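From first to last, the protein sequence lines stand for chains V and L.
Residue numbers for the first sequence follow this note's numbering, so the first one is 8 and each next one is one higher.
Residue numbers for the second sequence follow this note's numbering, so the first one is 8 and each next one is one higher.
Treat the hints as calculated values from the structure; they're not laboratory data.
No experiment lies behind these values; they were computed from the predicted model shown.
Mixed in with the good hints there might be a few duds.
A pair counts as met if it fits within one copy or between any two copies, since identical chains are not told apart.
20 Å max Cα-Cα, derived SDA-like pairs, lysine to any residue [what the hints assert, rightly or not]:
#1 K395 with D275
#2 K288 with V378
#3 K363 with D276
#4 K288 with I410
#5 K170 with R192
#6 K193 with D225
#7 K14 with T87
#8 K114 with E88
#9 K14 with G31
#10 K193 with E162
#11 K193 with G167
There are 2 protein chains.
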Amino acid sequence: MDFERIKTRLDALVASGRKAELRGALNMLNEVDIAEYLEDLDNEKMLMVFRLLPKDVSADVFSYMDNDQRTRIMEAMDDTEAMRLIDDMFIDDAVDFLEELPAGVVKRMLQGCNEQKRQLINQFLRYPENSAGSIMTIEYMEFNIGTTVGQAMAEIRRTGVDKETINTLYILDAGRKLLGTVGLRKLLLAADDRKVEELMNTQVIFVHTTDDQEVVADTVRKYDLLSIPVVDHEERLVGIVTVDDIVDVIEEENTEDFEKMAAMLPSDDEYLKTNVFTLAKNRLPWLLILMISATFTGMIITHFENVLSTAAGIGVALTACIPMLMDTGGNCGSQASTLVIRGLALGEIQFRDILKVLWKEVRVALMLGAVLALVNFLRIWFFTPYDKDIAFVVSLAMFFTIIIAKSIGCTLPLLAKAIHLDPALMASPLITTMVDAASLTVLFSIATAVFHM
Amino acid sequence: MDFERIKTRLDALVASGRKAELRGALNMLNEVDIAEYLEDLDNEKMLMVFRLLPKDVSADVFSYMDNDQRTRIMEAMDDTEAMRLIDDMFIDDAVDFLEELPAGVVKRMLQGCNEQKRQLINQFLRYPENSAGSIMTIEYMEFNIGTTVGQAMAEIRRTGVDKETINTLYILDAGRKLLGTVGLRKLLLAADDRKVEELMNTQVIFVHTTDDQEVVADTVRKYDLLSIPVVDHEERLVGIVTVDDIVDVIEEENTEDFEKMAAMLPSDDEYLKTNVFTLAKNRLPWLLILMISATFTGMIITHFENVLSTAAGIGVALTACIPMLMDTGGNCGSQASTLVIRGLALGEIQFRDILKVLWKEVRVALMLGAVLALVNFLRIWFFTPYDKDIAFVVSLAMFFTIIIAKSIGCTLPLLAKAIHLDPALMASPLITTMVDAASLTVLFSIATAVFHM
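Work out the full structure: start from the sequences and follow the hints.
Right, dumping it as structure tokens:
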């Protein structure tokens with residue numbers, strides 16, 4: 008599908024104002040593509056095209072828009088039209104949208120919904136952000152025990168078209184407690200007079216409304232689920248989360264980890280849509296903390312002032328090697344920490360593995376340290392004006408730096424996890440500062456010993 | 008579900024050898040949990056438990072095991088048993104497993120499969136690794152045009168239980184070309200004598216067998232799909248990919264990006280299961296390249312030797328600030344590059360946005376530079392033995408370093424993308440070296456000018 012060509016044709020139709028043809032053309036497109044197309048139109052044209060869409064399509068298109076676009080649409084609509092739109096949306100999409108609006112506007116919007124939907128939306132809005140409750144949907148099929156296969160099929164035929172998934176059916180007792188699930192394919196194969204509970208699978212994997220969305224994502228990933236039921240504290244079914252929403256959660260959590268590991272406060276916003284003040288605000292705290300903590304590395308250098316200034320030549324030679332030593336240490340540390348942080352995020356590594364991990368990293372460090380120190384020795388000897396003694400001091404310092412860097416890099420995230428801190432947040436930016444301090448101390452200590460200063 | 012308690016009970020049953028009870032207990036568990044439980048058993052016990060599982064359950068459990076475990080199971084089984092196991096697996100799981108085995112073993116294993124399955128597996132094994140073809144499954148429901156709803160329902164009742172999904176049905180012409188899809192819920196609601204093509208949705212989003220799995224994942228994520236059809240070069244349907252497999256692809260791709268950004272060769276293996284030689288091998292190349300390229304930063308320092316050695320006190324003061332300056336520059340650069348690399352991966356940023364991105368980063372850099380330079384000036388003035396001049400030189404150098412770091416950090420990944428290199432691979436580790444060189448040059452140039460050296 009060539010989106011650019013489609014766009015050009017739609018542009019022509021929009022400009023000409025031929026609404027019937029435009030409606031026909033839009034009919035050929037996926038809701039996601041329509042939302043993408045609308046993004047570049049001005050307010051007036053966007054609303055004109057949006058109003059041409061069939062009711063159910065427009066609600067879907069609306070749910071694929073970003074907040075900017077949604078606000079533009081809502082501002083251009085009158086209240087009745089806006090309320091009707093919200094009424095047509097799936098409850099999770101509606102809640103997702105309403106969460107971003109000021110409370111006053113939400114209240115006004117909800118007046119247009121029917122009583123039942125309003126109550127539900129209000130209930131959803133009370134779940135903590137990023138909890139299972141806040142991302143679940145209530146458009147699923149549920150049956151009480153005692154329902155026959157025939158009755159269930161009739162019900163699915165009657166209401167199934169409005170559900171997000173009919174693949175899995177949920178079986179409840181009289182108190183709404185979740186007893187089990189039945190796959191639709193099993194229902195299709197069963198005789199009409201059998202009871203649903205005879206077909207049900209009782210090993211149900213579920214989450215609680217207050218569980219973090221990361222827990223939901225981990226569970227869905229672990230068990231390869233297409234949807235997962237969400238229960239309240241009394242194990243009564245209140246919603247489900249489908250895997251397509253989990254895909255978004257996973258990408259969100261990954262983006263957060265990337266941001267934390269690059270010393271930023273995590274943010275949900277798209278880069279191009281975030282203003283520069285917000286970007287600066289998210290980046291400043293860690294930069295400040297790390298800069299100020301670098302006072303410490305400065306103190307180490309000042310402490311070894313005699314090494315740098317007394318022996319002619321040696322000081323400059325050592326200084327010239329500091330960036331390389333620090334970068335190699337930093338890279339070694341972040342290699343180890345990245346693998347451990349990632350392993351923790353995917354549930355492949357636990358805190359109890361700490362000795363196993365440390366032993367692995369020390370052996371890797373010994374190998375890498377030997378190779379890099381040797382190459383570095385030859386590099387300094389042959390390609391710089393400095394002599395063998397300098398080469399020896401720097402290479403030995405490098406060897407120990409790598410071992411220290413790998414050890415810090417692999418243990419810090421595990422320790423952070425053990426005291427319930429975020430491994431990505433606590434460990435990654437701090438490792439560089441710690442490794443810097445270690446590498447400088449090692450370098451100057453060895454230099455002092457070798458050159459008898 | 009308390010996995011540890013379950014484990015203890017199973018351990019007791021395994022030790023006592025009470026097979027009937029054990030079978031009953033296993034029956035209560037999810038396949039994923041059984042695979043996890045088996046991991047810690049010795050070969051003999053593992054095989055004993057594995058053989059107690061019902062045939063279809065054992066094939067599922069096997070597909071949730073890692074390669075180590077699978078190899079252990081296969082080695083303990085005789086050929087007939089192994090072949091039967093492969094025959095019971097879904098084709099994508101079987102291919103996934105066979106890909107990791109030596110060609111000779113694969114050939115022997117396939118002799119036990121029926122002719123049709125053997126041909127299919129062979130065809131699948133020919134798709135390039137990580138292509139749509141290599142991750143697709145063929146367990147889907149397809150109908151030719153002309154099929155009635157009643158016929159389709161009968162067919163689903165007959166064979167649907169063996170399919171990975173019956174949510175979406177695929178409609179083909181006589182030449183197997185994919186014409187459209189029908190949702191099962193739509194079929195359930197339609198009259199028995201209607202033709203499937205009257206119900207079908209013709210805006211089908213699909214991928215080609217040779218498309219990279221990343222393309223598949225991006226498409227599924229963009230359009231919130233539960234499954235996506237895979238077609239050959241003549242648009243004939245050959246398979247589908249379901250979203251639960253996409254979740255694994257997304258995590259794999261994210262892990263690769265994390266690894267590349269931490270200067271490692273990407274690897275598919277779990278950390279704890281990778282031996283130290285492989286770990287060292289993956290980490291060595293970039294460490295070597297970056298260490299050797301640091302020769303360049305060393306040269307810059309040697310070049311400004313006079314600044315470091317002539318003016319007493321100033322040299323040590325500047326040296327003491329190098330780590331802080333380099334780290335701040337490196338952090339600023341990786342903040343910018345991380346957001347851009349992530350934006351590229353999620354399709355939120357394109358190469359054509361380069362000027363927009365650069366303008367954003369320059370403004371962010373001006374703000375951050377001003378704040379950090381000011382704080383740094385006060386820090387050096389009040390908390391170190393160095394005087395105002397040093398504080399001024401270092402802070403001014405910091406201001407320019409931040410602007411350069413942000414500019415390099417945001418443009419390099421975009422340039423890499425433009426020439427079809429991997430932004431994460433090419434940009435991230437190189438940025439540090441470039442920013443190091445820039446920050447040192449700026450620091451010494453300003454120092455030379457201010458102190459008239």
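task = Go through the numbered hints given earlier and state which of them the structure violates, listing their numbers in rising order.
result = 1, 6, 7
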